[in-house]
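Position chains S, U and C against the provided structure of chain B, taking the given hints into account.
Protein chains: 4
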Amino acid sequence: MKLARPLPHYLVQRYHGWKATTFAENRNWFRRLAEDGQRPRAMVITCCDSRVHATAIFGAESGEFFIHRNIANLVPPYAPDGEQHGTSAAIEYAVNALKVAHLVVMGHTNCGGVQGCHAMCSGHAPELEEKTSFVGRWMDILRPGYDRVVDFPLEEQIPELERQAVLVSLENLMTFPFIREKVEAEELALHGVMHDIAAGGLEQYDSAAGAFVQVL
Amino acid sequence: MKLARPLPHYLVQRYHGWKATTFAENRNWFRRLAEDGQRPRAMVITCCDSRVHATAIFGAESGEFFIHRNIANLVPPYAPDGEQHGTSAAIEYAVNALKVAHLVVMGHTNCGGVQGCHAMCSGHAPELEEKTSFVGRWMDILRPGYDRVVDFPLEEQIPELERQAVLVSLENLMTFPFIREKVEAEELALHGVMHDIAAGGLEQYDSAAGAFVQVL
Amino acid sequence: MKLARPLPHYLVQRYHGWKATTFAENRNWFRRLAEDGQRPRAMVITCCDSRVHATAIFGAESGEFFIHRNIANLVPPYAPDGEQHGTSAAIEYAVNALKVAHLVVMGHTNCGGVQGCHAMCSGHAPELEEKTSFVGRWMDILRPGYDRVVDFPLEEQIPELERQAVLVSLENLMTFPFIREKVEAEELALHGVMHDIAAGGLEQYDSAAGAFVQVL
Amino acid sequence: MKLARPLPHYLVQRYHGWKATTFAENRNWFRRLAEDGQRPRAMVITCCDSRVHATAIFGAESGEFFIHRNIANLVPPYAPDGEQHGTSAAIEYAVNALKVAHLVVMGHTNCGGVQGCHAMCSGHAPELEEKTSFVGRWMDILRPGYDRVVDFPLEEQIPELERQAVLVSLENLMTFPFIREKVEAEELALHGVMHDIAAGGLEQYDSAAGAFVQVL
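Protein chains in written order, with my numbering: chain B, 493 to 708; chain S, 493 to 708; chain U, 493 to 708; chain C, 493 to 708.
Derived by calculation from the structure, the hints in this document are not laboratory data. Treat the hints loosely; a few may be bogus.
Since the list gives no way to pick one copy over another, a pair counts as held whenever it fits inside one copy or between any two copies.
Unchecked claim - Straight line, CA to CA, 16 Å or less: simulated EDC-like cross-link-like pairs of lysine to aspartate or glutamate:
hint, residue 1, residue 2
1, Lys511, Asp643
2, Lys623, Asp573
3, Lys494, Asp688
4, Lys591, Glu679
5, Lys494, Asp698
6, Lys591, Glu673
7, Lys674, Glu517
8, Lys591, Glu622
Computed from a predicted structure; not experimentally measured.
Here chain B stands alone, though its shape is the one from the complex (with noise of 0.2 Å):
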């Protein structure tokens, strides 16, 4: 590898700054935790989306959240095929080594790639319909989704995408064997939450109602 860089000076300043403060205050359970494993209580699946980070929104502390991060936080469906399945396969190791309680899939406001998902279902992408775009074939897992939300009024169509974005993978969630057994058997909780970046807001699937609604 001929072409790696130092890192910019002001990571390397901030990255002291915690070592000095954050781990200096924490020294003793930062060991404890690589000495004696992990055991995080959760597993959160959100959006790479550098606005919206689970650990601040939910105060989350070294060791608590088992935490995946993709675009538009999807989950393929199961499909033991013997490929690369990289999402699947941490929820794999959190589920069944790791035995956390529950999974949470957060959506949010304002993503991207549920924008260009809406773009190029609506026909208004079309290099995102190329077999060489990533992000196209990635955003392939939202289509069911936006085949719900195709008939809503235009301005409505986007958040209501955002939301199947979650709707979509806790269903592919449940098309993996050993999630579906764990969640009948009540030894995992399933958790669809979407987050409003401007609004600070937080809403969750209520499976009664069959809708989003604020959280209390």
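Below, chains S, U and C without anything else, positioned relative to chain B:
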């Protein structure tokens, strides 16, 4: 989706705490981030591990880092085959749509995924070699790294394999044409770092030395 | 005191969250509690164990429970010998100064203190028998309970000893003259309960049945 | 034990409410905590006072804090004399068996125990000086603190004595050889904090300043 459950109350409480403090203090900034979109300076690829949060170590605020997290912070080789590649999609979006200036791959000590890969490659984990093992197939990405460490003394193999998880990923990044092009045009800088959980340490890959060196 | 350290930042953040939500919503009540003093309805004696918080299980709000927590929720026999008895001091203050109406001793499953007592009494923990072992000397209080369970089948001994930690404590409470007097005058009610951590269960001691029965 | 009474119905009702909500939401986590044992990050020593619940102020969830509560959050000096020392037993278990990373002593305003100590030491509470007074003998631990505040203006003496209840306890903690050793090896951090009930405030002891300062 009939089986979603309400969030555990402690998460709801913490969310309300976040909203009443961090969000309230930064309301205008969050509104701008929502309206104007994100403009992150760096993409960070790191592990799902609950003990390693790049936002903490690098003091990253909302809007700064576009973060992809998967098992063992791996990047697969470029493969525009029309299949779903979540990691490649995240990279494509960060580099081509968001035009990040830096791409940091951060590995860490005590990595369960790397330990599994070592067990699998050394013949001690047949269950990971099955076609249906998502973790096994994902860790196949690191097999070239195992080949480079197999002749090391046994006690050094896993620490070295953790470093290989960073190096193999950096090498694979360079197989993406749009990355190679930007790296060579000096429009994008790649960085490889290793975080030591117990010691709070940070090493970075020094291309000239051909080795990881402590960050000073 | 030269060695006190700043609180870890995550606790400071959580405190600020609490202040901005729970405290802000109940400001007037907290002020009254401070000005008029506490008037708790019950004293609860429970274990230090991090998995058993009486405030959660019984939904206790600020001002409701006067709570003493020690290893294995033990009460020593009345011993007005001029020595320091922290548990007896807490009881005296609750009963005579605060005039609580109820005194609840709550035991729990998976109690490390009880397990240590069992190991010590059955000859498997010589280190706990040393004069300098604070835990060992404290668990001496439960030796009379061990004598009652030693003839049970081995797998029942620890669960029964956990119940004895409640019963021996209730018996010892009755050796305090000011408690006996109030109990007999029906000015104070004693209660013994057992909490099952894994099952979320609750049993209470039924004097008529001479056994713990599930709370209905 | 012939005199145990059934729990008041309101507590039974609240327990059932907790079981149907908090427990049900966290069933799997509680099962894991029971099976794998607790691994608390911190021990908190705080008062029995019904108005001061560390779990609330610091948002502590099940499994996070090992909590000892006694009158006035006092720690006696190290005294391995073979007698029963409940506070020392709790500390020994937390530090040596559970290997907590932090030990927090939290005092509070309006502390009845501290007021009693002040009355006793200033000659206004002869009943507390009797050998048979458990509260009096327990508050003897704080007598060295009284000596440090007796020359302050009268209206400052009690608030200062409340702070001394934290400081004397921290000093006494350092007389335990296993604590001194771990503190000096940076394997255990001691913290002293003061909570103001009426104002919802929090101060922490700053060793460099030699004073309690507001938590920012």
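Practice task
Check each numbered hint from earlier against the structure, then list the numbers of those it violates in ascending order.
Solution key: 1, 3 and 8
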